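Chemist: Please construct the entire structure, taking both the sequences and the accompanying hints into account.
Protein sequence lines, in the order shown, are assigned to chains A and B. Just so we're aligned, residue 1 is where the first sequence starts under this note's numbering, counting upward by one. Just so we're aligned, residue 1 is where the second sequence starts under this note's numbering, counting upward by one.
Hints are computed from structural coordinates only; laboratory data are not their basis. Small disclaimer: the values here were computed from a predicted structure and weren't measured. Hints should not be assumed to be uniformly reliable.
Calculated lysine-lysine pairs in the BS3-like style (CA-CA distance at most 27 Å, straight line) [to be verified]: (1) Lys71(B) x Lys102(A); (2) Lys62(B) x Lys107(A); (3) Lys107(A) x Lys11(B); (4) Lys102(A) x Lys62(B); (5) Lys54(A) x Lys68(A); (6) Lys56(A) x Lys102(A); (7) Lys102(A) x Lys16(B); (8) Lys102(A) x Lys54(A); (9) Lys78(B) x Lys107(A).
From the derived model, a few chain B residues whose C-beta atoms are all more than 10 Å from chain A [what the hints assert, rightly or not]: (10) Val4; (11) Ile26; (12) Ile79.
Here are the computed distance ranges between Cβ atoms for each label pair [what the hints assert, rightly or not]: (13) Glu68(B) x Ser8(A): 33 to 43 Å; (14) Arg17(A) x Lys71(B): 47 to 57 Å; (15) Leu110(A) x Lys71(B): 21 to 31 Å.
Even for Gly, the Cβ is constructed at its ideal location relative to N, Cα and C.
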Amino acid sequence: DQQVKQNSPSLSVQEGRISILNCDYTNSMFDYFLWYKKYPAEGPTFLISISSIKDKNEDGRFTVFLNKSAKHLSLHIVPSQPGDSAVYFCAASEDSGGSNYKLTFGKGTLLTVNP
Amino acid sequence: EAGVVQSPRYKIIEKKQPVAFWCNPISGHNTLYWYRQNLGQGPELLIRYENEEAVDDSQLPKDRFSAERLKGVDSTLKIQPAELGDSAVYLCASRAGGSYNEQFFGPGTRLTVL
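Modeler: In structure tokens:
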């Protein structure tokens with residue numbers, strides 16, 4: 001049973017437009033959410049995170065929105081650039097900083113930004 | 001600051017052979033993780049260390065997998081004997097203590113079992 005779901009295996013957008021990647025979760029105990037970006041032959045790289053006490057976190061072109069009642073979060077990239085083309089993983093943790101901190105990942109969404 | 005180092009990057013073995021992966025975490029990171037990533041899937045946790053202690057190994061197939069983290073720094077993950085289904089990317093990650101600190105991943109070892 002997947003606790004973190006990314007239902008779109010792939011997404012294609014034009015350069016300069018907005019990319020929206022979605023993630024749903026089922027475990028109501030998750031209190032910390034992260035997005036990782038992964039290029040081929042590299043390990044995942046941390047992108048942005050959000051605590052369950054917030055509903056929005058912004059870092060430059062990247063914004064993550066959290067809707068706890070819907071158990072849904074999304075990553076917005078504006079404007080999208082060809083270098084953003086990668087696999088994006090949504091991840092969640094039940095314990096943001098305590099002794100039980102571990103991540104549960106979704107399957108990932110392949111984003112392609114076309115020039 | 002050097003990142004998480006893993007070796008080898010690629011490994012091809014015959015089934016039933018043993019294989020070992022090595023990880024050197026970021027200096028000062030007490031928490032170390034081993035993940036397995038199957039094709040088309042996200043990383044799945046195998047084992048988590050706090051210093052030299054394995055605090056979560058519930059997902060580690062203990063009949064054939066073993067891990068150690070001597071002196072709380074480097075770690076080795078071993079599979080003996082390997083099976084066809086073990087073909088995957090094995091990722092090591094480390095994290096500093098404290099709240100809201102993300103995990104830093106190494107480049108992974110791609111294992112192919114023939």
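Chemist: Would you list, in rising numerical order, the hints stated earlier that this structure does not obey?
Modeler: 7, 10 and 15
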